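A.B. asks: Given these sequences and hints, build the entire structure.
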Amino acid sequence: MSSTFTDEVRGRLEVDAKEVIARYPRERSALLPLLHLVQAEEGYVTQAGIRFCAEQLGLTTAEVTAVATFYTMYKRRPTGEYHVGVCTNTLCAVMGGDEILAGLKEHLGVGNDEATEDGRVSVEHVECNAACDFAPVVMVNWEFFDNQTPESAKRLVDDLRLGEDVRPTRGPERLCTFKEASRLLAGFSDGRADEGTQAGEPSLQGLKLARERGWSAPEPGAAGAPSGDEGSAK
Amino acid sequence: MTALTPVLSANWDRPDSFTLQGYRDGGGYEALRTALTMEPDTIVDLVKASGLRGRGGAGFPTGMKWGFLPKDNPNPRYLVVNADESEPGTCKDVPLMLANPHALVEGVAISAYAIRSSQAFIYVRGEVLHVIRRLKRAVEEAREANLIGPDVLGTGFDLDVVVHAGAGAYICGEETALLDSLEGYRGQPRLKPPFPAVAGLYASPTVVNNVESIASVPGIVGNGAEWFTSMGTEKSAGFGFFSLSGHVRRPGQYEAPLGITLRELLDMAGGVREGHELKFWTPGGSSTPIFTDEHLDTPLDFESVGAAGSMLGTRALQIFDETTCVVRAVGRWIEFYAHESCGKCTPCREGNYWMVQVLDRLERGEGTEADLEKLLDICDNLLGRSFCALGDGAASPVMSSIKYFRQEYIDHVTRGGCPFDHRKSTVWGGTA
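If you're matching them up, the sequences are chains A and B in order.
Reminder that position 185 of the first sequence reads as 555 in this note's numbering, one-by-one numbering, no gaps.
Reminder that position 120 of the second sequence reads as 156 in this note's numbering, one-by-one numbering, no gaps.
Worth flagging that the hints you see were computed from the coordinates, not collected in a lab.
The model shown is predicted, which means the values in this text are computed figures rather than measured ones.
Glycine included, each C-beta is placed from N, C-alpha and C at the ideal position.
The reader is advised that the hints may include incorrect statements.
A few chain B residues that face chain A, going by a derived Cβ cut-off under 8 Å, partial list only [said to hold, decoys possible]:
(1) 49
(2) 307
(3) 309
(4) 329
(5) 354
(6) 463
C.D. replies: Structure (structure tokens):
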């Protein structure tokens with residue numbers, strides 16, 4: 371990989387970078403989104419990407435490298451087109467995340483944070499992704515695949531390698547690539563916010579129960595107990 | 037028995053709950069109209085009177101935080117929403133922003149107006165793409181409808197809102213580390229004081245609030261402080277999400293008045309999974325000392341949980357049954373803290389590194405009883421001696437698990453290995 375972008379890439383990214391930088395009162399705040407932007411170009415943060423960010427913001431490459439290496443989402447070697455993250459923090463690990471991760475590594479013949487030879491899929495263990503009520507959780511390119519099992523996760527990566535349609539549990543109708551995901555993180559919309567469900571089943575458990583039992587928050591002005599026939603919390 | 041009080045989740049069963057129309061049909065953005073007719077300071081007083089306390093874990097009174105902004109500082113003021121939800125077990129802000137992002141955007145508009153800020157940032161963790169899409173779309177829709185942007189609803193109030201994606205670092209949930217990250221640096225915490233209210237983003241006066249705190253503001257403005265204090269307890273007013281996960285029949289989000297108990301919540305959630313019993317649980321994420329079945333009736337409010345030796349935190353109720361090995365559970369949490377330690381201070385960086393080694397050899401059955409004292413000694417050097425709350429938090433599961441389950445640690449030593457079959461804890465292994 372060359373240590374600078376070609377003129378074509380550079381010209382295109384400079385337009386994007388200008389837009390990113392303009393969002394912030396101070397230029398340097400654009401560094402994280404710019405790192406996502408260069409990752410969107412090459413699938414990981416290369417020397418060329420670091421140099422580009424440094425030039426756009428008037429920083430040294432050492433300053434940019436210091437930031438890029440601090441955050442786990444910036445990859446220092448090529449990721450698969452589909453980057454699979456298995457949550458192995460305590461809750462998901464206990465619920466089966468450890469078995470899922472072990473199964474995937476064996477199935478694909480890769481180690482942690484490595485990609486398959488065809489470059490389609492990489493796997494790593496991830497930390498808590500704020501979906502504990504859907505455990506065990508698998509992320510692909512940072513979209514939710516809830517309530518996984520070792521078998522469902524193997525089917526998922528097989529489908530990804532075969533180029534089958536894969537749909538996140540709570541996400542858009544079609545999975546985007548790692549590069550497309552990085553571009554979204556840089557702040558460029560893909561127009562797919564309206565796709566997919568508003569809430570998964572666990573998210574609705576409390577609301578569903580409240581509806582069944584006739585519970586609701588108190589009416590404004592009727593200070594006192596929350597309504598519902600089973601009494602108050604106070 | 038306590039009743040649930042869906043407020044922020046009240047429209048989540050509408051398929052279009054995340055759209056402007058879906059939010060407006062339930063009265064959305066009416067509170068903003070009300071707020072814009074009020075003096076900003078009156079809104080600050082109203083939020084103070086409501087008793088709203090930070091929903092990000094620490095429980096600091098939101099209105100008081102706003103009141104700390106210096107009156108005489110000529111620099112611009114900033115509102116920064118902490119949407120970096122990453123505390124293990126915590127899973128409330130993500131579904132909230134996915135299903136109802138406009139509640140947050142309306143909260144941002146009202147709160148920014150109240151603190152006289154015309155620039156707000158929503159710092160959202162990067163690992164949740166669809167949440168980022170929904171937030172950005174909500175901000176766009178609100179701008180198109182003149183609910184944010186220049187001259188909001190013709191009142192002369194200007195507000196720019198930027199959705200900023202993080203890049204994977206738990207520490208950025210610490211408010212000053214978040215600010216460093218938002219400024220384009222490594223996310224490391226800053227020495228306090230000065231607090232962000234005095235010198236925050238770009239050394240300007242800044243308010244940093246959690247998603248759920250800010251999203252709770254429209255309800256308070258629209259319905260009044262008394263409405264809010266009619267829920268919850270005297271010192272822990274209002275409602276909040278209680279997120280049940282783990283070995284429970286119906287895990288999920290339960291929006292309830294503060295002060296509800298785990299016994300009540302477990303009953304609503306169908307109890308611990310069939311054929312099993314409660315062993316231990318976290319009241320508010322992995323950084324809050326674990327509880328056991330002794331604490332089923334502890335009211336889940338800031339005071340009661342504190343008095344019982346833990347912290348309410350983020351109301352992240354991770355439920356573990358008797359199949360779970362506490363040494364493995366704690367060991368995994370400490371691996372997380374070691375991975376996420378920013379490296380700035382020695383107690384946290386080194387303490388967590390060494391605790392991983394000790395817990396790992398204990399779980400493998402290669403530890404000794406002296407290792408327990410070693411762990412407690414390391415915790416003693418972490419708790420209150422690390423630079424920020426990350427180090428304090430790491431001590432919580434270790435100290436509390438040794439307190440309640442010392443014998444289980446010793447069993448690992450005497451048996452020369454883990455006495456548990458981890459497969460039985462899994463979703464598919466628990467019914468054997």
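A.B. asks: None of the hints should be skipped; say for each whether it holds.
C.D. replies: Results for each hint:
1. 49: This interface hint holds because 6 Å falls under the 8 Å limit.
2. 307: 13 Å, violated
3. 309: 10 Å, violated
4. 329: 18 Å, violated
5. 354: 5 Å, holds
6. 463: Nearest chain A Cβ about 5 Å off; hint holds.
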